[in-house]
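Colleague: Working from the sequences, and respecting the hints, build out all of it.
So the protein lines, in turn, are chains A and B.
For the first sequence, the working numbering gives the first residue as 1, with consecutive numbering after it.
For the second sequence, the working numbering gives the first residue as 1, with consecutive numbering after it.
Keep in mind that the hints are not guaranteed to be accurate.
To be verified - Here are some chain B residues pointing at chain A (derived, C-beta under 7 angstroms):
| id | residue |
| --- | --- |
| 1 | Ser7 |
| 2 | Ala71 |
| 3 | Asp74 |
| 4 | Glu75 |
| 5 | Gly138 |
| 6 | Val139 |
Everything labelled a hint here was simulated from the structure, so no lab data went into it.
Beta carbons: idealized from backbone N, C-alpha and C, even for Gly.
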Amino acid sequence: MRVIRNEIRRLRFEHGEMTQQALAEKIGMTRQTINAIEQGKYSPSLEAAFKIASVFGQPLEAVFHYSAE
Amino acid sequence: MLLREMSFQEKRAWIAVASMGLIYGRYFWSLTMQGGRGPFGSLLATVIQLVIVQVVLTTIAAILNPRDAQAAEDERERMIALRATRVAYAGLSTAVVCACFFGALTPPIVFKTNSLLFVLVTAEMLRNICQIVQYRRGVCA
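Modeller: Next up, the structure:
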């Protein structure tokens with residue numbers, strides 16, 4: 001099974017405990033979609049993934065990891 | 001708690017499924033009891049009831065969480081809606097073929113209208129249920 005994992009929850013915590021709502025507003029998504037991404041229930045588009053990484057000032061691979069289980 | 005997890009679009013899907021299930025369910029049940037024929041007035045009353053119930057419930061949902069209600073659809077919501085529409089179209093096509101096969105598209109006109117309405121309601125229910133399933137289970141590209 002192919003899985004895309006992410007570090008968004010940790011990065012939010014490290015960035016002043018940023019809320020899901022705050023992150024969602026920065027990248028033009030809903031809070032529920034950020035929650036779904038964090039829980040692995042939704043894989044964002046490449047554009048959205050880059051936007052998320054940009055908010056945290058990280059390269060894409062530091063935020064998202066791909067693994068084939 | 002569960003309501004807080006839901007986006008406004010998911011709430012709308014739940015409202016549509018619940019209201020259509022109850023209101024059209026009651027209408028089609030009474031129609032079945034009447035041998036498949038009913039006055040046009042009851043159909044009109046059913047549609048008006050549905051519109052009122054959906055407007056009221058959607059307005060309440062928007063008032064309870066205006067920020068979610070004002071948010072534009074994002075890519076996940078658009079993908080869910082597109083997938084649900086694809087499934088509903090397949091359901092609609094199948095239902096139309098079945099309706100034709102069983103001869104529902106013959107007069108009298110009231111029966112014809114109700115058969116088409118039933119097909120349409122089934123497709124709309126399918127679309128909303130598909131949305132809810134994707135919101136609950138998650139969606140992958």
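Colleague: Now look at each hint and say whether the structure bears it out.
Modeller: Hint by hint, here is what the structure shows:
1. Checking Ser7(B) against chain A: minimum C-beta separation of about 4 angstroms stays under 7 angstroms; hint holds.
2. This hint holds: Ala71(B) has a C-beta 5 angstroms from the nearest C-beta of chain A, less than the 7 angstroms allowed.
3. Proximity of Asp74(B) to chain A holds as hinted, the smallest CB-CB distance being about 4 angstroms (cut-off 7 angstroms).
4. Using the Cβ-Cβ criterion of 7 angstroms, the hint placing Glu75(B) at the interface with chain A is satisfied: the shortest such distance is roughly 5 angstroms.
5. Hint on Gly138(B) holds. Least Cβ distance to chain A is approximately 3 angstroms, under the 7 angstroms limit.
6. Annotation: Val139(B) was flagged as interfacial toward chain A, and the flag holds, the nearest CB pair being 6 angstroms apart, inside 7 angstroms.
The structure meets every hint from the earlier list without exception.
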